[in-house]
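**Q** Residue numbers (this note's numbering), protein chains in the order written: chain A, 1 to 136; chain B, 1 to 136; chain C, 1 to 136; chain D, 1 to 136.
FYI, nobody ran anything at the bench for these hints, they're computed from the structure.
Keep in mind that a hint or two might mislead.
Under the rule of at most 25 angstroms between Cα atoms (straight-line distance), these lysine to any residue pairs were calculated in the SDA-like manner [claimed, not checked]:
hint	chain 1	residue 1	chain 2	residue 2
1	C	LYS103	C	GLN10
2	B	LYS103	A	PHE12
3	B	LYS88	A	GLN100
Partial chain C-side listing against chain B, Cβ under 8 angstroms, derived [unchecked claim]:
hint	residue
4	LEU4
5	LYS6
6	GLN10
7	THR78
8	SER82
9	ALA132
All residues carry an ideal CB built from backbone N, CA and C; glycine is no exception.
There are 4 protein chains.
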Amino acid sequence: MPLLSKEQIQSFLHTEFPQTTVIVESLNEKGATVRQTINDQHLRPGGTVSGPVLMAVADVAMYVALLGEIGIVPLAVTTNLSINFLRKPAADSDIVAHCQLLKVGKRLAVGEVSLFSEGQADPVAHVVCTYAIPSV
Amino acid sequence: MPLLSKEQIQSFLHTEFPQTTVIVESLNEKGATVRQTINDQHLRPGGTVSGPVLMAVADVAMYVALLGEIGIVPLAVTTNLSINFLRKPAADSDIVAHCQLLKVGKRLAVGEVSLFSEGQADPVAHVVCTYAIPSV
Amino acid sequence: MPLLSKEQIQSFLHTEFPQTTVIVESLNEKGATVRQTINDQHLRPGGTVSGPVLMAVADVAMYVALLGEIGIVPLAVTTNLSINFLRKPAADSDIVAHCQLLKVGKRLAVGEVSLFSEGQADPVAHVVCTYAIPSV
Amino acid sequence: MPLLSKEQIQSFLHTEFPQTTVIVESLNEKGATVRQTINDQHLRPGGTVSGPVLMAVADVAMYVALLGEIGIVPLAVTTNLSINFLRKPAADSDIVAHCQLLKVGKRLAVGEVSLFSEGQADPVAHVVCTYAIPSV
Numbered sequence: 001m002p003l004l005s006k007e008q009i010q011s012f013l014h015t016e017f018p019q020t021t022v023i024v025e026s027l028n029e030k031g032a033t034v035r036q037t038i039n040d041q042h043l044r045p046g047g048t049v050s051g052p053v054l055m056a057v058a059d060v061a062m063y064v065a066l067l068g069e070i071g072i073v074p075l076a077v078t079t080n081l082s083i084n085f086l087r088k089p090a091a092d093s094d095i096v097a098h099c100q101l102l103k104v105g106k107r108l109a110v111g112e113v114s115l116f117s118e119g120q121a122d123p124v125a126h127v128v129c130t131y132a133i134p135s136v
Numbered sequence: 001m002p003l004l005s006k007e008q009i010q011s012f013l014h015t016e017f018p019q020t021t022v023i024v025e026s027l028n029e030k031g032a033t034v035r036q037t038i039n040d041q042h043l044r045p046g047g048t049v050s051g052p053v054l055m056a057v058a059d060v061a062m063y064v065a066l067l068g069e070i071g072i073v074p075l076a077v078t079t080n081l082s083i084n085f086l087r088k089p090a091a092d093s094d095i096v097a098h099c100q101l102l103k104v105g106k107r108l109a110v111g112e113v114s115l116f117s118e119g120q121a122d123p124v125a126h127v128v129c130t131y132a133i134p135s136v
Numbered sequence: 001m002p003l004l005s006k007e008q009i010q011s012f013l014h015t016e017f018p019q020t021t022v023i024v025e026s027l028n029e030k031g032a033t034v035r036q037t038i039n040d041q042h043l044r045p046g047g048t049v050s051g052p053v054l055m056a057v058a059d060v061a062m063y064v065a066l067l068g069e070i071g072i073v074p075l076a077v078t079t080n081l082s083i084n085f086l087r088k089p090a091a092d093s094d095i096v097a098h099c100q101l102l103k104v105g106k107r108l109a110v111g112e113v114s115l116f117s118e119g120q121a122d123p124v125a126h127v128v129c130t131y132a133i134p135s136v
Numbered sequence: 001m002p003l004l005s006k007e008q009i010q011s012f013l014h015t016e017f018p019q020t021t022v023i024v025e026s027l028n029e030k031g032a033t034v035r036q037t038i039n040d041q042h043l044r045p046g047g048t049v050s051g052p053v054l055m056a057v058a059d060v061a062m063y064v065a066l067l068g069e070i071g072i073v074p075l076a077v078t079t080n081l082s083i084n085f086l087r088k089p090a091a092d093s094d095i096v097a098h099c100q101l102l103k104v105g106k107r108l109a110v111g112e113v114s115l116f117s118e119g120q121a122d123p124v125a126h127v128v129c130t131y132a133i134p135s136v
């Protein structure tokens, strides 16, 4: 069971990362779901969500899942992120990201994230992400 | 439903890649499971399965899943493979790999593969793999 | 020798991607250097350049290098981008990115990008990126 | 300057990894070059060097470069390896791999490796690799 509630994590994100507008949807065993409402500033020419926005959402999804497992660790940092762009995201749908943690070690955590334009069956992107966890 | 049976793909592997000893366990919608029996030649010092063996099994799992979707395409080639090593594999257990295809386009296919030492709950490695599919 | 001048590519970027503020510094044989001036909107808490900004700069560096090699191809799209975060970027320095193309095929191009906080010897991040090139 | 000579590292590899046939060619500041002589057991159908062989050579190149920087650390392990296959390797040429370390931290080291069929100008594959370094 996650150590923290989604409200605790949402509150932590608001305080520590005031610029993020990602919403924590749910926490579950070794995973999390987050949502990014899409507006014009997230789009690129051609009417699609930009790659850096997808990366940012995936990174937050991973961070939320990790905080749910190990508690508030503000200094955890992304060391590697690999993203595959699979399909063109819809311009007028939220991005919903599901993270599943693959490993939570003492020093490294690895997770994968599938990103969807809400309401579509197939993912728009897939991310694998590694976080370094600071020594206590 | 896969285009080919597991027996057809196993037979193709035996003919085209006679050196592989990977066994096709099952095919399913956009996915496949394969098995590698482990013997001394797959191990490295410390009594664990070597990284290149895990990579090779993941690559075959992806290839099998892809053939199941698009039929026999001998010239499909791996263009990118990214592997995260998560836990030390057991020296005396088979490696079982589950591939799920994330995208099968006309020119590129992307899949992810989770690798397990048989009987363990947590994966020993996770792979994301891209294949280029030749033009007809 | 690049097919296009840096002015031609800068002009194309301004027209097609009006929101980007990346500056094309130089084009060379199978490579390019670009610069991102950093201001508050590129920073995250802790006073460092955010990961998605680094990703965006690397992606533009790769695109510029590719356009220099193959000419204006508006529909080339990123299919995979893998970033390693190596050191904390300075909050008050420009980000300078050097891209070197590793392969320019008919259908795929692969490049690597080293990103620096200007004036520092060691890279803040390293990216490997694949673009799919549309069929003519 | 590397902490160890290439003879010291070659001797360590022979003792600890007796099955490897990789030859340490040179060590330099934050880098190393290694060579794999290719014979039939490294080839796959179509007369080309197999992907897992390329991965294994890149992994050793990274390990050698790392040992040159930090001394003999037998427990350093690969945590992530991402390989792009760029061109078909020649069946009858050695594989030569050049590793350049991008970061050597206390806990993680990251390097990139370019692999060549000897005598060709363009790389056959490119690898980015992360090692975890055990705490002392």
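**Q** Confirm or reject each hint.
**A** Each hint tested on the structure:
1. Distance hint between C/LYS103 and C/GLN10 is fulfilled; the C-alpha atoms sit about 23 angstroms from each other, no more than 25 angstroms.
2. For the proposed pair B/LYS103 and A/PHE12, the alpha carbon gap of about 35 angstroms is over 25 angstroms, so the pair is violated.
3. Between B/LYS88 and A/GLN100 the alpha-carbon distance is near 20 angstroms, which keeps this suggested pair within the 25 angstroms criterion.
4. Evaluation of the C/LEU4 hint against chain B yields a violated restraint, the C-beta minimum of about 25 angstroms exceeding 8 angstroms.
5. Proximity of C/LYS6 to chain B is violated relative to the hint, the smallest CB-CB distance being about 29 angstroms (cut-off 8 angstroms).
6. Look at C/GLN10: its Cβ only gets to about 30 angstroms from chain B, farther than 8 angstroms, so that hint breaks.
7. For C/THR78, the suggested interface contact is broken, since its CB lies about 12 angstroms from the closest CB of chain B, more than 8 angstroms.
8. With a cut of 8 angstroms, the hint placing C/SER82 at the interface with chain B holds, because the nearest CB-to-CB distance is about 7 angstroms.
9. Among the interface hints, the one on C/ALA132 holds; its C-beta lies about 7 angstroms from the nearest C-beta in chain B, closer than the 8 angstroms criterion.
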